[in-house]
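Going line by line, the protein sequences match chains A and B.
Residues in the first sequence are numbered consecutively from 4, following the working numbering.
Residues in the second sequence are numbered consecutively from 822, following the working numbering.
Hint data in this document are derived by calculation from the structure and do not stem from the laboratory.
A virtual CB, placed ideally from N, CA and C, is assigned to each residue, including glycine.
Among these hints, one or two may not hold up.
Label pairs and their calculated CB-CB ranges [to be verified]: (1) B:Lys876 x A:Val57: 34 to 44 Å; (2) A:Glu42 x B:Ile833: 30 to 40 Å; (3) A:Glu97 x B:Gln850: 33 to 43 Å; (4) A:Asn56 x B:Ile833: 44 to 54 Å; (5) A:Lys45 x B:Asp925: 33 to 43 Å.
Here is what each chain is made of, one letter per residue.
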Amino acid sequence: GENVEQHPSTLSVQEGDSAVIKCTYSDSASNYFPWYKQELGKRPQLIIDIRSNVGEKKDQRIAVTLNKTAKHFSLHITETQPEDSAVYFCAASESDYKLSFGAGTTVTVRA
Amino acid sequence: GAVVSQHPSWVICKSGTSVKIECRSLDFQATTMFWYRQFPKQSLMLMATSNEGSKATYEQGVEKDKFLINHASLTLSTLTVTSAHPEDSSFYICSARALFLLLDSSSYNEQFFGPGTRLTVL
């Protein structure tokens, strides 16, 4: 089955700086890579996703890059704000079906 | 659109009792729903895949007789934790898979998560 590794487990950044979270996956058949933001006690919220036919996708301050050859993808948050503080999960799946999640990254944005 | 609800949002029960959790897709039909379990400060672990009208598919290590799943309609899946024990205390989250059709005739799927159910077994 798919194995997704996520780093770092915790990340503290100064407000306004950038945050980068990296994930690797094992199954070369995976073709869908979403990123979720989860606040304490709440449901995961999809913030951005990328499919294997593109290498980069951007949505305002959030961007995701994908390297299928190396089997890794990354989340980039620019100009971080205190409300960006949360746990972020990467995931991978084949054909938008079962999601395999990374272990999560706790992001703290210091004001 | 694409809202998923769960009920109850939290439940406390005695050891040995059974607890049923409902997952509903409110404004779309979901042929497939997924059940996850999340322990504190950990990731979401897929427990089972629930397909409407057929038996659920359980992940390795998940006891099907303990975690009963019923997907009786296109908008409702239920998870029953039978003979619950303190180690079953966790945050249970469902997701529903929605199909989106685009103008160029292509399509894609996206999962929408429920708000979760906090189960505490005393």
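Structure-based check of all given hints:
no. : hint                           : result
1   : B:Lys876 x A:Val57: 34 to 44 Å : 36 Å, holds
2   : A:Glu42 x B:Ile833: 30 to 40 Å : 23 Å, violated
3   : A:Glu97 x B:Gln850: 33 to 43 Å : 23 Å, violated
4   : A:Asn56 x B:Ile833: 44 to 54 Å : 47 Å, holds
5   : A:Lys45 x B:Asp925: 33 to 43 Å : 34 Å, holds
Checked against the numbered hints listed earlier, the structure breaks hints 2 and 3; every other hint is satisfied.
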